[in-house]
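**Student:** The sequence shown begins at 1 in the working numbering and counts up one residue at a time.
Please keep in mind that the hints were generated in silico from the structure rather than gathered at the bench. Please read these numbers as outputs of a predicted model, since none were measured by experiment. Just so you know, not all the hints are guaranteed correct.
[What the hints assert, rightly or not] The following label-pair restraints were derived from C-beta to C-beta distances: (1) 32 <-> 100: 18 to 26 Å; (2) 59 <-> 90: 20 to 28 Å; (3) 113 <-> 61: 38 to 46 Å; (4) 43 <-> 78: 42 to 50 Å; (5) 28 <-> 56: 34 to 42 Å; (6) 54 <-> 87: 16 to 24 Å; (7) 90 <-> 28: 22 to 30 Å; (8) 25 <-> 5: 43 to 51 Å.
Note that beta-carbon positions come from the ideal geometry of N, C-alpha and C, so glycine has one too.
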Amino acid sequence: YEQQGYRLKGISLTGYASQGGTQEYNQRLSDARAEAVYRDLMNMITRSQRTDTIAVERAGRGEDWDRFNQLVNTVAFTEDERARILEISNGAGTPDEKEASLRRLPFWNKLVREVLTYCRHSFITFQFESNQAGAMTADYY
Numbered sequence: 001y002e003q004q005g006y007r008l009k010g011i012s013l014t015g016y017a018s019q020g021g022t023q024e025y026n027q028r029l030s031d032a033r034a035e036a037v038y039r040d041l042m043n044m045i046t047r048s049q050r051t052d053t054i055a056v057e058r059a060g061r062g063e064d065w066d067r068f069n070q071l072v073n074t075v076a077f078t079e080d081e082r083a084r085i086l087e088i089s090n091g092a093g094t095p096d097e098k099e100a101s102l103r104r105l106p107f108w109n110k111l112v113r114e115v116l117t118y119c120r121h122s123f124i125t126f127q128f129e130s131n132q133a134g135a136m137t138a139d140y141y
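Could you put together the complete structure from these sequences and hints?
**Tutor:** Structure representation (structure tokens):
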């Protein structure tokens, strides 16, 4: 992007954890995930010997229930399995109560293997500015 005339203005890092633990534990994991990506990114920026300042924000957001639901809808579950999972996910209750209900499903191991593994991620947003008309944002998982 910089080769096309855009200047990197800021970076936002968001860490997420899967639903496979308590809400408190998952918050700590997501904070640690965001911090690890931040450290690597800052090392890369330092090695690049940039002279301009890039604002970098970071945060852990705990469990990503939207991504969870998206993944559940794309995995090869039976319609009954999918309905049971989404009923729990979209139903009432705390995240810890939902996680406990998910663990009781007879296909919990499949859910871990096919969904929860992919809920552990970081989301990075790059913000660019340009002398050209408009600005640009690029998002990556």
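**Student:** Could you work out which of the previously given hints the structure breaks and list their numbers from low to high?
**Tutor:** Violated: hints 3, 5, 6.
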